[in-house]
Amino acid sequence: MTLSLEQVTHIAELARLALTDEEKERFRDQLSAILDYAARLQEIDTSAIPPMANVLPVDTVMRDDVARLGLPPEQILANSPDQEDNMFRVPVILE
Amino acid sequence: MTQYEPVIGLEVHAEMLTESKMFCACPVVDSTEAPPNTTVCPVCTAQPGVLPVINRQAVEYGIKVGLALNCTINEFNQFARKSYFYPDLPKGYQISQYEHPLASNGWLDIDVDDETRRIGITRAHLEEDTGKNIHMGSSSLVDLNRAGVPLLEIVSEPDMRSVEEVEAYARKLRAILVYLGVNHGDMSKGVLRFEANISVRPTGSDEMNTRTEIKNLNSIRSLVRASQYEIARQIKLVESGGQVIQQTMGFNEESGKTTVQRSKEYADDYRYFPEPDLPPLNIDRAWVAAIEKTLPELPDAKRERFIDELGLSVQDAGVLVADKATAEYFEAALKADVDAKTVANWVTGELFRLMNAAGVEIEQVKVTPEALVDLIKLVEAETINNNTAKEVLEAMFETGHSAGEIVKEQGLAQISDSSALEAIIEQVLEANPEPVEKYLGGKEGLFGWLVGQVMKETRGQANATVVNQIMRERLEGMRKA
Chain C
1 MTLSLEQVTH
11 IAELARLALT
21 DEEKERFRDQ
31 LSAILDYAAR
41 LQEIDTSAIP
51 PMANVLPVDT
61 VMRDDVARLG
71 LPPEQILANS
81 PDQEDNMFRV
91 PVILE
Chain W
1001 MTQYEPVIGL
1011 EVHAEMLTES
1021 KMFCACPVVD
1031 STEAPPNTTV
1041 CPVCTAQPGV
1051 LPVINRQAVE
1061 YGIKVGLALN
1071 CTINEFNQFA
1081 RKSYFYPDLP
1091 KGYQISQYEH
1101 PLASNGWLDI
1111 DVDDETRRIG
1121 ITRAHLEEDT
1131 GKNIHMGSSS
1141 LVDLNRAGVP
1151 LLEIVSEPDM
1161 RSVEEVEAYA
1171 RKLRAILVYL
1181 GVNHGDMSKG
1191 VLRFEANISV
1201 RPTGSDEMNT
1211 RTEIKNLNSI
1221 RSLVRASQYE
1231 IARQIKLVES
1241 GGQVIQQTMG
1251 FNEESGKTTV
1261 QRSKEYADDY
1271 RYFPEPDLPP
1281 LNIDRAWVAA
1291 IEKTLPELPD
1301 AKRERFIDEL
1311 GLSVQDAGVL
1321 VADKATAEYF
1331 EAALKADVDA
1341 KTVANWVTGE
1351 LFRLMNAAGV
1361 EIEQVKVTPE
1371 ALVDLIKLVE
1381 AETINNNTAK
1391 EVLEAMFETG
1401 HSAGEIVKEQ
1411 GLAQISDSSA
1421 LEAIIEQVLE
1431 ANPEPVEKYL
1441 GGKEGLFGWL
1451 VGQVMKETRG
1461 QANATVVNQI
1471 MRERLEGMRK
1481 A
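First to last, the sequence lines map onto chains C and W. For the first sequence, position 78 matches number 78 in this note's numbering, and the numbering has no gaps at all. For the second sequence, position 5 matches number 1005 in this note's numbering, and the numbering has no gaps at all.
Next up, chain W with everything else stripped away, as it sits in the complex (with noise of 0.2 Å):
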């Protein structure tokens, strides 16, 4: 039977993170948030008579944005009108580039299952996002707080062969986005979002069959469920004789399903032409040059850096810097003078498994890179152990006290006073003459059970290499008496 693979590009649409909007003036707010036009005026509500004039930081971006995806960035721009008639949409065109984008021809290496791919960057160019429709059952209102908000589209070539490609991908970008500093990438905010132009084949052919395009993905969760189900939808189609036709679908979150929004032939009959209200623009070399100045360490160059300079793992590396915040955190902790192996294990260990559970990200979490170090020192120390330090980290989590305030309050500092230590274990030999007795004939594996009782009866507070050791002795001692 015929084995069947997805062919799948991405058209990624990121707000620029601007003062202001793309031609006007007017405040860029959070819109899930703001007051329905509250951040409105001639301009970006299409009065008569008014003209656009071009965000020069929203350009800075998006060079910001090419070079990180190794593109060109192109001297020549010209903005161009796409007219399409919708409520939020008030000019009835939207002012997007066309035949001149900012940057071409990049690309971007994720990583899939210990394997590099490059995913090949089409362009990237400006325009302005539309502003919101809330649909209210016999009519719809109309809020264009967001109406002219820079937006960079970003569109990869349809080089992806597989959901798991797709989300990597997805994260990459978003990752490369918040390093830059060009958007937060807070998609419960509609900052990024989504298309899928997807298709398949059977594996291994090279042939390019009919696409058809989900709009409108508000997470990655669900840009990976609609390719998941589009995919299967396809193949499904094809295996049974029948033939995908070029559509926009739309994805419904309840269903799970990709349903057609409408057919290709009028959707695409925008006719562009140049925007007469804008004069070309052209890129200053020296402009690119200073902006690729001002790039700052991205995460593959900042994971090699982490595995080559700081000894981490492929994969501890690969989560810390996944995410920009964490890495802050991590290089944080390392002013410090302070094994970075061991913060890592933290990081990725223990801080992780507390910020799942509790839900929050590393930015809400209480426990300061600082105080982490400190909880660190006082394990190094032989003031706590491990075990306690988890318990420890986890009030920390809680309270946002110190390490060293929580050890004081709780008495969990660590048994290392031998004599102490020599009392308990008499203690635990004594209760148990039985193990003991198996001890020494010969049933090695209870040594580790009686030093477990000797944790237990100090709730976990005795220094276990020190345990270990006076145990050893008085074991030895016992089989030659």
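Only chain C is shown next, with the shape it has when bound in the complex (with noise of 0.2 Å):
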């Protein structure tokens, strides 16, 4: 199976990965090659056995509702690239 050009472009576009044509045409062979390696799961007949959401052996871990402080913002904020009045600064947003 070959990827088309439009699912790579609109896969890029979910990931925000500005690619060249380029790019895109090697991407689209990279790509196509990796799903047709996954695609050789599809060969299996699994329609008698449930999905597995995890795989550890546990489940319903819930914990109580008591509120404890995590980190002020001076470390919370000292990775970030920029910033303002304790506030993460980005690009403007725009719909």
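To be clear, the hints were calculated from the coordinates, so they are not data collected in a lab. Glycine residues also receive a C-beta, built at the ideal position from the N, C-alpha and C atoms. There's no promise every hint is true.
[Said to hold, decoys possible] So the derived list for chain W, only partly shown, Cβ under 10 Å to chain C, looks like this: (1) Cys1026; (2) Asn1077; (3) Tyr1086; (4) Pro1087; (5) Ser1219; (6) Arg1271; (7) Pro1276; (8) Leu1278; (9) Pro1279.
[As the list claims (entries may be wrong)] Think about it this way: if two alpha-carbon atoms lie no more than 30 Å apart in a straight line, the pair counts; the simulated DSBU-like pairs of lysine-lysine are: (10) Lys1082/W <-> Lys1189/W; (11) Lys1335/W <-> Lys1293/W; (12) Lys24/C <-> Lys1091/W; (13) Lys1366/W <-> Lys1390/W; (14) Lys24/C <-> Lys1082/W; (15) Lys1215/W <-> Lys1082/W.
Mind assembling these two chains? They're in different frames, but the hints should get you there.
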């Protein structure tokens, strides 16, 4: 199965990646190969097997509703590239 | 000409009033007031290597809402990742529920124009709220205090056929959330938000046409205005031969118009998949049964009881139960030995009038339920009449003083003493010979006018029953003479 160029462009947009035409072609081939490999799993009949939601043999893990302060703003903001008034500053958001 | 009807479904996002966030222990605070980024931790800011843990109380609240909306509480729950990029979503995905929501297949009855309509509830699922963006022109600032606050998304069937039904549904749902104690209902704090899915079709047809989705409606007023505008826009479009395109709209408060935010094909590519960081959640039947026992009396049941047991009118009962605090006020007053209908009249009449004029909610009213009962008792004891009582209530409303204090301070006690009233009546009759003559000549309507003069003389404090009686006797005496 070969992905269409439109599909590659769409996936790139979802991941917020700007690709050149040359990259789109290259990743189209690479992604197609990866998907083909994964598609081998489709050959197995899983109709009688419930989907596995989690690899661990546990379920229903909950905590009590007890509040506890986390980290001060300085620490949370310490690694942010830009900040103002204890808030993260990001490029303007356009809807 | 073809008539059109709207087909509307609502998605309501309700924050759950827990102490801590959905997946971490950070406190849930008023996000409109708390200093930015003061209730955050590595989990809700998506630092590498952290893991979410489900808040039991949030699940319990979700179950409460599901039960109150007559839903099936699903035994098997699975959280899912909803992937999209936005600066208020630190992880790049929101933990939500997709194929296996907490509750499904319920309903909510609403009343519009004396008719009850049943609106289907598709599902209610738990997720986490996002942070907040403050747009500064050339950049945006992000505050993550709200990120991770438990959110219950309640999705209705597309069962609503008018804006009135949309408003009734929103108000009823809000009331139920407040009654349950899972949300305080204050929309100015952003704890309750709406999205409307709207399409139009020829009235009576059963086709489902292309719909638009209006996002981020932060008040019932915005929900109503946006729905009105969008319905009119779609009808006009269809009538002129156009076609509605499936898209996400925003609502501009200032212009009152809906505007396109983005077309659907990209927006809906959320790539949901089971959340690998959270094991499945199985809801124990015994837990659900225990929660069901804790459900409070909900608005509909309370209204029925007010009508059946207290003899209130459908109208009064409806108004009193529509807001939890009002219902509590009313019921607190009834703890005293007092007539329920009289209390209902005072609350829905004079008290509401004063509250509307002052623009306050019942929680801020200085007249306690007990103080209102004291006022009613003064009327029953004929210490003051009804009209004076209205003035007294106004003074109580402003000052918070008791009815007794105000009556005493202002000398408002009713004059029931017949000798005092006889003298005043005599004065009135002497001062108005013409009306008296006309009355005696058959103009019966002037009786009320003459009584009115007595009330005027006594600044409304005369006992009207006594005045009526003496006046009648006196005038009949004159007729005979």
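Given the hinted pair Lys24/C and Lys1082/W, is their Cα-Cα distance within 30 Å? OK: Lys24/C and Lys1082/W at ~25 Å, within 30 Å.
Would you settle whether the hint for Asn1077/W is holds or violated, based on the nearest Cβ-Cβ distance to chain C being less than 10 Å? holds, 9 Å
Could you check if Pro1087/W really has its C-beta closer than 10 Å to a C-beta on chain C? holds, 4 Å
Would you check the hint for Lys1366/W and Lys1390/W, treating anything up to 30 Å between C-alpha atoms as holding? OK: Lys1366/W and Lys1390/W at ~15 Å, within 30 Å.
Under the criterion that the straight-line Cα-Cα distance not exceed 30 Å, is the pair Lys1215/W, Lys1082/W satisfied? Holds - the C-alpha atoms of Lys1082/W and Lys1215/W are around 17 Å apart, at most 30 Å.
Restraint satisfaction for Leu1278/W [CB to CB of chain C, less than 10 Å]: holds, 8 Å
Taking 10 Å as the limit, does the beta-carbon of Pro1276/W come near enough to a beta-carbon in chain C? holds, 7 Å
Would the hint linking Lys1082/W and Lys1189/W be met if the CA-CA limit is 30 Å? holds, 25 Å
Holds or violated: is there a CB of chain C closer than 10 Å to the CB of Tyr1086/W? Where the cut-off is 10 Å and the nearest Cβ of chain C is about 8 Å from Tyr1086/W, the hint holds.
Restraint outcome when Pro1279/W is required to lie within 10 Å of chain C by C-beta distance: holds, 5 Å
Check the hint pairing Lys1335/W with Lys1293/W against an upper bound of 30 Å on the C-alpha distance. Since the Cα atoms of Lys1335/W and Lys1293/W sit roughly 25 Å apart, the hinted pair holds (cutoff 30 Å).
Does the alpha-carbon distance linking Lys24/C and Lys1091/W stay inside the 30 Å limit? holds, 26 Å
Violated hint for the displayed structure: number 5, the only one.
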